[in-house]
Amino acid sequence: EPEVTQTPSHQVTQMGQEVILRCVPISNHLYFYWYRQILGQKVEFLVSFYNNEISEKSEIFDDQFSVERPDGSNFTLKIRSTKLEDSAMYFCASGRSGLVSTQYFGPGTRLTVL
Amino acid sequence: GENVEQHPSTLSVQEGDSAVIKCTYSDSASNYFPWYKQELGKGPQLIIDIRSNVGEKKDQRIAVTLNKTAKHFSLHITETQPEDSAVYFCAANKEDSSYKLIFGSGTRLLVRP
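As they're listed, the protein sequences go chains E and S. Throughout the first sequence, residue numbering follows the working numbering, covering 1 to 114 in sequence. Throughout the second sequence, residue numbering follows the working numbering, covering 115 to 227 in sequence.
Just so you know, the hints here were simulated from the structure itself, not pulled from any lab data. Be careful, since some hints might not be right.
Claimed, not checked - DEER-style ranges, computed between Cβ atoms: (1) Q128/S / L39/E: 23 to 33 angstroms; (2) E116/S / N51/E: 40 to 50 angstroms; (3) L224/S / T5/E: 20 to 30 angstroms; (4) L114/E / S123/S: 39 to 49 angstroms.
Quick reminder that beta carbons are idealized off the backbone N, C-alpha and C, glycines included.
Hey, can you work out the whole structure from these sequences and the hints?
In structure tokens:
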């Protein structure tokens, strides 16, 4: 069964550094998402992406965040200048169609900012 | 904004017993309610979902019920097995206007052999 994959599984970085989290969505899916879960808190929506554009974003997704689909298979989340409070588990998800569509989640990347 | 509350936060049951997890949502425009199971080291996996045009949906040992008037929905697992042990998340979405899933805080289910 096709799965969403994410790399790396764990990323440690220094405050102020840039990080790129990578995701490979399910191959015939067209809609892509990032969520995050700070330890002990709820899973929170960050952004949705379709046709090389952001279709929806939350208030968390400020100017230090960006997303990109650099090729036909990868979907990335970039955090420009990491802060301590960016430490969280980041989940990528994908869906076949848009608003009426199941979202399939990857295993997550644990980001630790020191 | 939209909020989803989930209870209980932990649930321990004997193998073979039933488990019920409840969620309430605040936005009456929500119309799609998925349930995800998260095992250790894995991402959330969809186990069942329900849309607001039905009141109940069943898939083998798993069922979900929805009460739109009261704005709550529940996950029912019957004949629980040790492999059902995991964290379960409910979520809500306004399917015709938003991509965003609003998640509950999760329930850690432990099935004792």
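Cross-check of the supplied hints:
| no. | hint | verdict |
| --- | --- | --- |
| 1 | Q128/S / L39/E: 23 to 33 angstroms | holds, 30 angstroms |
| 2 | E116/S / N51/E: 40 to 50 angstroms | violated, 26 angstroms |
| 3 | L224/S / T5/E: 20 to 30 angstroms | holds, 29 angstroms |
| 4 | L114/E / S123/S: 39 to 49 angstroms | violated, 29 angstroms |
Going down the numbered hints, you'll see the structure goes against 2, 4, while the others check out.
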